[in-house]
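**Q** In the order they appear, the protein sequences are chains A and B. For the first sequence, the residue numbers in this note's numbering are 862 to 1660. For the second sequence, the residue numbers in this note's numbering are 9 to 616.
For the record, the hints were derived by calculation from the structure and aren't laboratory data. Small disclaimer: the values here were computed from a predicted structure and weren't measured. All C-beta atoms in this analysis are idealised placements derived from N, C-alpha and C, irrespective of residue type, glycine included. Careful, some of the hints might be misleading.
[Claimed, not checked] Once the Cα atoms are required to be at most 20 Å apart in a straight line, the calculated SDA-like pairs of lysine to any residue come out as: (1) K1537/A / G406/B; (2) K535/B / D1541/A; (3) K588/B / S1600/A; (4) K169/B / D121/B; (5) K1537/A / Q408/B; (6) K588/B / T1595/A; (7) K588/B / A1598/A; (8) K1537/A / D121/B; (9) K1537/A / S566/B; (10) K1537/A / G562/B; (11) K588/B / G1181/A; (12) K1537/A / T561/B; (13) K588/B / E1366/A.
[As the list claims (entries may be wrong)] What follows is a list of derived Cβ distance ranges for each label pair: (14) G1559/A / T264/B: 57 to 65 Å; (15) Q1030/A / A343/B: 31 to 39 Å; (16) G1504/A / A505/B: 32 to 40 Å; (17) N1506/A / S245/B: 17 to 25 Å; (18) T1107/A / D460/B: 40 to 48 Å; (19) G1050/A / S245/B: 57 to 65 Å; (20) N1241/A / H455/B: 54 to 62 Å; (21) G524/B / A909/A: 51 to 59 Å; (22) G1559/A / R386/B: 35 to 43 Å; (23) A1494/A / A508/B: 36 to 44 Å.
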Amino acid sequence: MDDQPTRPSRRGFLSLAAAAGAATAVGGFAPFTASAAPVRPTASPLLAPAQAARNQLWWQAPASADTMITQGLPVGNGRLGALAGNDPAAELLDLTDLTLWTGGRNDVLQSDGQFPYGRDDFGSYTLLAQLTVNIPAHDLGVVNNYRRTLDLAQGLLTTTYDIGEASYQRQIYASRPDDVVVLHFSQRGGGSYTGAVSLAGTHGETTGATDSGPLASFGGTLANGLRYGAAVTLSSSTGTVGRAGTSLTFSGCQDLTVVVSGGTDYAPDFAAGFRDPSVDPLPLAQSKVRAAAGQTPTALLHTHVADFRAAFGSFALDLGASSDSQRLLDTAGRLQARWRDNVPDPELEAGYLQFGRYLMVSGSRGSLPLNLQGLWLDGNDPGWMADYHTDINVQMNYWAADRLGLPACFDAFTDYCLAQLPSWTDITGRLFNSADNRYANSSGKVAGWTIAISTNPYGGGGWWWHPPGNAWLCLNLFEHYEYTQDRAYLEKIYPLLKGAVQFWEARLVGATVTDPSGATREVLIDDSDWSPEQGPLNARGITYAQELVWNLFGHYGTATEVLGRDSEYARTVAGLRQRLYLPVVSPTTGWLEEWMTPDNLGDPQHRHLSPLIGLFPGDRIRPDDSTPKDLLAGATALLTARGMNSYGWANAWRAACWARLKHAENAYRLYVTNLKPAVDGANGSAANLFDILNISDGYGIFQIEANLGTPSAAVEMLVYSRPGYVELLPALPTAWAASGSVTGVGVRGGFTADFGWKNGRISQVTLHSATGGSTTLAANGGSHRVSVAPGGSVTLRNL
Amino acid sequence: MPQSRTSRTGLVLAVAAGLIAAAPLSSGRAQAATTTTVTQTSTTGAPPALAATPYMGWSSWSMQSSSYPGLNPNGSYSYLTEANVLKQADALATKLKPYGYDYVNIDAGWWMDDAWNEGFDQYGRQAPNPGRFPDGMKAVANRIHALGLKAGIYLPVGLEKGAYGGGRTPIWNAPGCTTADVVYPDLRTTNGWDSSYKLNFGNPCTQKYVDSQAQLIAGWGYDFLKLDGVGPGSDKSGDQYNNVPDVAAWQQAIATAGRPVHLELSWKLDRDYAAQWKQYSNGWRIDTDVECYCGTLVTWDNSVKVRWNEAPAWSDVAGPGGWNDLDSLDVGNGAMDGITPAERQSYLTFWAVNKSPLFSGDDLTQLDGYGLSLLTNREVIGVDQNSSPVARPVSTMGDQQVWAARNADGSYTVALFNLAAAPEPVTAYWAALGFHGNASVRDLWNHQELGDYRDRITEALPAHGSRLFTVRPGGSPLATTAYEAESPDNTLTGTAAVFACATCSGGKKVGNLYQGATLRFNDVTVKQAGIYTITVDYISGSSDRTARVYSGTGSGTSLAFPDTGDWNTVHRISFQLGLKAGTNTITFDSGSWYSPDIDRIDVPQAAV
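Put together the whole structure using the sequences plus the hints.
**A** See below:
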């Protein structure tokens, strides 16, 4: 690009989008449109109770309206979600659609050359609607044996309780095939339901209702032009249903089905301004709930469970047996006991991982990716707008997809990056080198794309520029290729990789460094930058950027080889990579340097592990002969200095790093630290297992990364992999060592693995591969060469 | 009568305790299985003439104190009128008398005009205000009696300043005595508002003054007197505010007044004088006013909930003849009361298990359906009125509390409370009651047999909610192993030390557990790993003692210990800890605060 980039024309946008492959590549994104009639299973897909019990969490009290974020339980169909309170007398659902965002492109920089970051300009994720089902006679004061169960494998939230002689059950789920949230109420023993359903918007909408159905609904348009709508209807094979004002009523019903849906006209299409003008959300929501209500409750349930089970997949994890005492406690009680007694609860610890998988299946299918709160909200002022944070948060979310055997859930992240790329490229080209931007390229050149620390779904950035953010997104994107070995996927993301490479080609600056020997050499370093999120704002050659760019250039080289593209440019990039400065250990602190200086310029215990990104998620720094001992020692010393007592995602990241260093007990300690009960807003796990970040005394907010990153760290404890090499049980803690097994865990190089262990030793391992491939497999101190045919599997016994 | 309100910032501590003092068991390192012995306090002989059970009825003060629209049209406290009292008496007779509510109590102000100017007769006794009570107090009492109800009246303790009359006011039926004779020469004041001169019982005229007041109200036909502002208590302490002689004088005066009069003391009486209150009166307010002095009658935070923390200190004091008075029961009308349905149920549940007098402060003419159902639940009223001891907390975990009392027939009254602002499950472990296995559970609020529950019952309670059960053990006594705190095998750190303790098992305890001091039991041995319900016998004459208790390397659980009332009485609470098979440590850590004195712990032989 020229020094003074001009604003591209609309035609330019379109061609850019075409070049990015965006127009065709985002087929994974399913906008809120009329969907084809679902394929309905002919036989029940429901798991037998004993089988289902393996992946269930349960609780003995509902949430209240004030505690939805800590006690509400999540359901979601990948786009449409809800937090449910499950109070028998006052069911409350906080309904969300991943695309219901305020804000816009936000492409006018502030006077400091950085991005505005408000709920109107940058925007915020907000609620779709709140649904209440009031059943006054079912007051908790008369309810016995209350229990709510979250069935992770079937995507079912079931509440049961007794009143008098009657036993009640309500089942809530978010069906992807029918594109609705269903609440089905049933009973045994002569019970009945009488009450009212109401649906309310949270942006000042007016709900209307009609006797036909009956049905209640509302529609609206945000200030940014995004249109949305929601609708609810209900049916019963007994009793009476009707309407009272804008509420729907039911009386004397032995069963009741409430169906709610909604959505927006968002489209992942930069050229179309991220709108689909063909979508009219309100009538669409109305027709969806009417269509679903026309199905029998059993048909709706079976269709949902068949879909959800397939998405949840066969990943299984056994970390050992818990005691009868532990099994008698509900999930919240087990969290408390785990912390109180420091006695391992292997089933809880495995359940926490499966809960992470549940969140990903529920929140990352066919729409935008999981944001800072995944899919779930309890209000319209989520922390940091519940945006996409690119200096750990969104990346950590997607560490989980392949590791936890949910590669399809990665697509939402890929599709997002592809859909945003035209705007990111445009904004980078026009604005990055603005004179006010302290991070601007001193070369005066700019090319490709990068991002801000925060990104929204409208192509916009928020807060500060984040030059290495592009390389970190690409690290995730390329890792997915490493896991899947899917060439078509690599083709799809190639424009992202190449654009990021081009950005760095234009940005890197030369520097002369003196090695300990006294010799000097010329290197390439990052320009003026900030190591997230501490220290100077104008540091050159920060370790974070050097490591990420080293990865980016390497991955780009691999991609060009695999795809047979841009071989000449690939040589250029390989040359740049050879000249890249890589960090050294500070003779002053003994730590791996963070700022290309021996001096410590920040907080040694800072939450971010930016300078350790080469340890994890990168793996340049390895506890083997490939890594100089002093470098390994410096990284270990820095990780040690960072401490064991951070919170949420910072603990998860530390745990993954310790796993990479094969320090099982540190990794495990951090894992269970994230299971500490989050009392009064403290850091840790809320009763509903949502990870809570303490903001101020007595107040914490939900941030989802640890719910996904902590399980990813657990996988790193069980299996380390890179293309061509896999090591089993690199960091197995004592608490899990007695016996265990994992099925369906992702292995880089195109494999998944099933293996079991006893007393810390692998008893058997099976590698599966869709694409076929070879790898070295290390286990029990030995190593083996394994080749798997495409679609085949190989089992090794007596290792 | 109005009192100055102070803001309450203290949290309701999670309180817990054993039912009653456990019988001493073998001393030292008892490794033999012992079964918890729970003794039953019961009374024998003829019931007392007054307050054989906690009284029930209505009081005027809650409505007088409230700025709820329409209640006090002529200024603060103006609700108190003859017409209003009789209206409430009619409603009480109609709606609540069949359930045992029979006192109609006139509170402060019957001798004041609407501007709160007092009136006295020529003998320095309070004189009815003709604006409020045009027919006089005797006529009102007669009307109340005609409904088959009892009449109550109110006086502040001491000689009210307005009655002094320069010291020249004669004392009725005491020739030669004037008001100057009944007070101290320095006119020292007394009572919770310093609104009276302190009575000097060194002069025989003084008893005559109290006699004259007693004769007056007995002559009018009153059956009940609330004596208010009594100290030590009523936010006052020291000799000047020691009204024990006043209370004794009142008992003596009533005895010769020709009519039995129930004597109730107010407010927040000093627990250190419990023996005197018990000796001379029929009931004592243990806490500040329950009313909020706001737009409703009460609020949960100010000051209903504080009673969960204050009541345990008094559990051993109450009994036939005199009861712990938790103040008005304002649960009859949700809008006027200012609390949620769940809070209203918890309010009455707590009053009942504490055997507090049950007197409504509501507008009985406007009880809502839910309020009437609460106030007329015979099973719950039965808990208040039966012969069982006052309940104590038997377990604590944050805001989730279980209180229990052992009934004469071997069953237990068990109340579950969730004092948190969000729904939570609350579990009662049978092991905390000394047995395990099945027990049948009856839901008293809902009049329902819930069936058998093994080892525990858990219910989902709403914010500030409660349940009330009768639990009938069908299982077996719990085999436990006792570990004495004073055992030489334990490790004491910091200031912790062994002390003699006559009421403790083994005659010793560990005390001085404060500011980092710890007590560690080193050899708690169980056969199987699991989570155990462990009990601790302790002494704490203070309501704010805490300890963190943990096993092994756990983070433990923070226990708030309910007040045992004094530094001699042993009570018991339970808690859950995980133990591994074999030998374990259990540590009581005072942290940065003060812990109670520890007598011993009892560990079940199997995880329950």
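**Q** All hints are to be evaluated individually against the structure, with a verdict given for each.
**A** Hint check results:
1. K1537/A / G406/B: With Cα atoms ~16 Å apart, K1537/A and G406/B stay inside 20 Å; holds.
2. K535/B / D1541/A: Violated. K535/B to D1541/A sits at ~36 Å, over the 20 Å cutoff.
3. K588/B / S1600/A: Holds - the C-alpha atoms of S1600/A and K588/B are around 19 Å apart, at most 20 Å.
4. K169/B / D121/B: holds, 16 Å
5. K1537/A / Q408/B: holds, 19 Å
6. K588/B / T1595/A: Holds: K588/B and T1595/A sit about 16 Å apart, inside 20 Å.
7. K588/B / A1598/A: holds, 18 Å
8. K1537/A / D121/B: violated, 61 Å
9. K1537/A / S566/B: Cα-Cα ~15 Å, so holds.
10. K1537/A / G562/B: holds, 12 Å
11. K588/B / G1181/A: It holds: about 16 Å lies between the C-alpha atoms, which stays within 20 Å.
12. K1537/A / T561/B: The given pair, whose Cα atoms are some 15 Å apart, holds under the 20 Å limit.
13. K588/B / E1366/A: violated, 60 Å
14. G1559/A / T264/B: 57 to 65 Å: Once the Cβ atoms are compared, 58 Å apart, the range 57 to 65 Å for T264/B and G1559/A holds.
15. Q1030/A / A343/B: 31 to 39 Å: Since Q1030/A and A343/B have Cβ atoms about 35 Å apart, the given range 31 to 39 Å holds.
16. G1504/A / A505/B: 32 to 40 Å: holds, 37 Å
17. N1506/A / S245/B: 17 to 25 Å: violated, 46 Å
18. T1107/A / D460/B: 40 to 48 Å: 46 Å Cβ-Cβ, so the 40 to 48 Å window holds.
19. G1050/A / S245/B: 57 to 65 Å: holds, 59 Å
20. N1241/A / H455/B: 54 to 62 Å: Since N1241/A and H455/B have Cβ atoms about 45 Å apart, the given range 54 to 62 Å is violated.
21. G524/B / A909/A: 51 to 59 Å: holds, 54 Å
22. G1559/A / R386/B: 35 to 43 Å: holds, 42 Å
23. A1494/A / A508/B: 36 to 44 Å: violated, 59 Å
Checked against the numbered hints above, the structure breaks hints 2, 8, 13, 17, 20 and 23 and satisfies the rest.
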